[in-house]
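Could you put the whole structure together from the sequences, leaning on the hints where they help?
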Amino acid sequence: MQSSASLTISDLWIERGERDLCKGLSLSIQSGEVVRILGENGAGKSSLLKVIAGILSPLEGQILYSGEDVTLDRSLLQHDAIYLGHSAGVKSLLTVAENLHWYCPDAPSSVLYSVLTQLDLVDQVDVLVKALSVGQARRVALARLWLSKKTLWLLDEPFVSLDARGVALLEGRIQQHVLSGGLVVLSTHQELLSIASRDVALL
Amino acid sequence: MTYSSFLVSEFLVLWRRKQDVFNALLFFVIVVVLFPIGINSSPEFLAPAAAGIVWCATVLAILMAVEGMFKEDYHDGSLEQLVVSGLSLPLLILLKIVAQWLTVVLPLLLMMPLLSEMLYLPSSGFWVLTMTLLVGTPSLFFIGVIGSALTVSIKQGAMLVMLLILPFYLPVIIFSTLAVKASQAGLPYSGLLAMLLAISLLSLVISPFMTAIVVKASVN
Amino acid sequence: MSWAWFHKLGSPKWFFSWSKPWALPVFCFGCLSLLIGLVWGLVFAPADYQQGNSFRIIYIHVPVAMLAQSCYLALGVAGFVFLVWQMKMAPIFIKAMAPIGAVMALIALVSGAIWGKPTWGTWWVWDARLTSVLVLFFLYMGIIALQNSLDDQVLANKAAAVISVVGLINLPVIKYSVVLLETLHQGPTFTLTKKPDMPPEMWLPLLFAVIGLYCFVAGLLIWRMQSEILKREYRSSWVKQEVTEHGL
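Chains as they are written, first to last, in the working numbering: chain Y, 1 to 203; chain E, 204 to 423; chain B, 424 to 671.
To be clear, the hints were calculated from the coordinates, so they are not data collected in a lab. All C-beta atoms in this analysis are idealised placements derived from N, C-alpha and C, irrespective of residue type, glycine included. Treat the hints with caution; some may be incorrect.
[Said to hold, decoys possible] Chain E stretches covered by chain Y per the calculated footprint, using a threshold of three residues with CB under 8 Å from any CB of chain Y: (1) 204 to 210; (2) 215 to 227; (3) 297 to 310.
[To be verified] Computed cross-link-like contacts, DSS-like style, restricted to lysine-lysine with a CA-CA straight-line distance of at most 30 Å: (4) B:Lys-436 to Y:Lys-23; (5) E:Lys-419 to B:Lys-511; (6) E:Lys-358 to B:Lys-511; (7) Y:Lys-130 to E:Lys-419.
[Unchecked claim] If the Cβ cut is set under 7 Å, some of the chain E residues that face chain B in the computed set are: (8) Met-321; (9) Leu-353; (10) Ile-357; (11) Pro-370; (12) Pro-374.
Structural data, given as structure tokens:
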């Protein structure tokens, strides 16, 4: 993990279909910060995260990651980032363990088992994901946050379909991540109980 | 995510969906059987027509297999994860095609002896036909995967893929059937095989990049 | 050489105001030239000594077939330009051009069939040219169908560009394969490729018709592009100003 990563966005302008989003947005995030993106439905929270992750291209603006310009080629940032979208890419025809191996092949199995125990998934480790409940499948996606060693987390509504214990676990993990120098950008309607975060409101 | 863990997961998913591959093969056999029943079952008709029949059935079976290649990945979000993985998207797509090709074409080749017997194809023609399948089918996958990516966000995309892609398959069908016919007439056919190979190589170069462009535009 | 014109081409606003005075004159010139060519060719040009009067359909068939191929070439180039330079005008061009090309290919097919009846004795022959125009027609229909079924504008632009470029790369291969198919099938002995030397009073009307049709299509294309621009840019201030000042 890089100790002094930073993400700087300047003069952003995203065009989605007929709408202009995040026009003129500038944002700078340092290591150890949690940024919470707020806004109404359709304000462009997901689009902003997708632009940072490199799924969308902005119409205008510049994105710097640790001082490098990644506006045109986001691969430098992508090597160091996790993006979790609305559907997080959990394959229903793979088991829990296979799904995690697909995403984080270098995670040792001892770590894998301790994470799955924390997330109450250890009994389902060899069950196909299509047999799991929505909340359990969501946890499989979130387990990546424990297994992967990436610095920048881009989380789109990460608390959706989690129970109270799951929310507490995830908040704890985010806290731990930023304390060790990570960057987190997340969009949520929920108040963060245990984490100090900076709010960015989209108009 | 690494290239090898991606390939492993692809094979695992294909293994769990072996019923689909089996269905495609069954479809292939049924289409082949339609011709003797529907047109003429005499050896005089079938022997010269065998290559064409097999190739038409192959094209349809492969289109069936390729059409839905990105559908599930698109809906569960793993296509998005491929885009943000930081790995080369064209290369990932190439790996996916290779996995798909192996699982569809190898079983198909295994059935060829049976089918060529049913269609009265002489053994010399059989070997040329097998060779055209080996050399020609990669291009069918490479071209088809573009259509599959183009229509991934459309609910009923199967018909559209056929409409988009079938015209591009014509040269492959033509060169392949001509090669078999040439061999049956005792003429040289290596030039036609070389043409097939050239088409496969050309599409190998173009298709992963084009597909990557479309996949990127589709996931947003 | 200055590339300013190339970048300007990318701006719908610039194209709209630049093309405004051109559409009508080009279209009218095209109509006039086409009319001269057709009347001259169909009525006054001498009959062919082999085919008699039936050859006169050449004055429709040849220009239309040329257009059908040129349109696809233009589509492929526009697709390439869009994929490389993200030029905004390219997808508008593709959208406006594809249906025109499809109609040209269809007319070429129908006129070819009508020509085929008296010369070959059947409406349809698997002649290399007819087959490749048929494939061309399928390619056009594919592009149109794809554009109609994709709702997302950004994706539709990319998709149309990709399929046009892939089509352009494939077109020579398709043509070559179809020609090969015909030679091995021992097709009809009468070919259109080796025309007897035409006297000027036969090829001049053809020239008029070809130039006329090109201009006719260019005028039509500009109009279609202009309306597509208005449709896409209706939110921008210059379109509002344009409409309030000059009306539609």
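The hints, checked one at a time:
1. 204 to 210: Coverage by chain Y holds for the stretch 204 to 210 of chain E (5 residues, Cβ < 8 Å).
2. 215 to 227: The restraint on the stretch 215 to 227 of chain E holds, since 4 of its residues have a Cβ under 8 Å from chain Y and three suffice.
3. 297 to 310: Answer violated; 0 residues pass the 8 Å Cβ test.
4. B:Lys-436 to Y:Lys-23: 22 Å, holds
5. E:Lys-419 to B:Lys-511: Satisfied, since the Cα-Cα distance of roughly 18 Å is no more than 30 Å.
6. E:Lys-358 to B:Lys-511: 28 Å, holds
7. Y:Lys-130 to E:Lys-419: 26 Å, holds
8. Met-321: 26 Å, violated
9. Leu-353: With a minimum Cβ separation of about 5 Å from chain B (threshold 7 Å), the hint on E:Leu-353 holds.
10. Ile-357: Nearest chain B Cβ about 5 Å off; hint holds.
11. Pro-370: Cβ of E:Pro-370 sits 4 Å from chain B, so the hint holds.
12. Pro-374: Holds, because the Cβ-Cβ distance from E:Pro-374 to chain B comes to roughly 4 Å (cut-off 7 Å).
Checked against the numbered hints above, the structure breaks hints 3, 8 and satisfies the rest.
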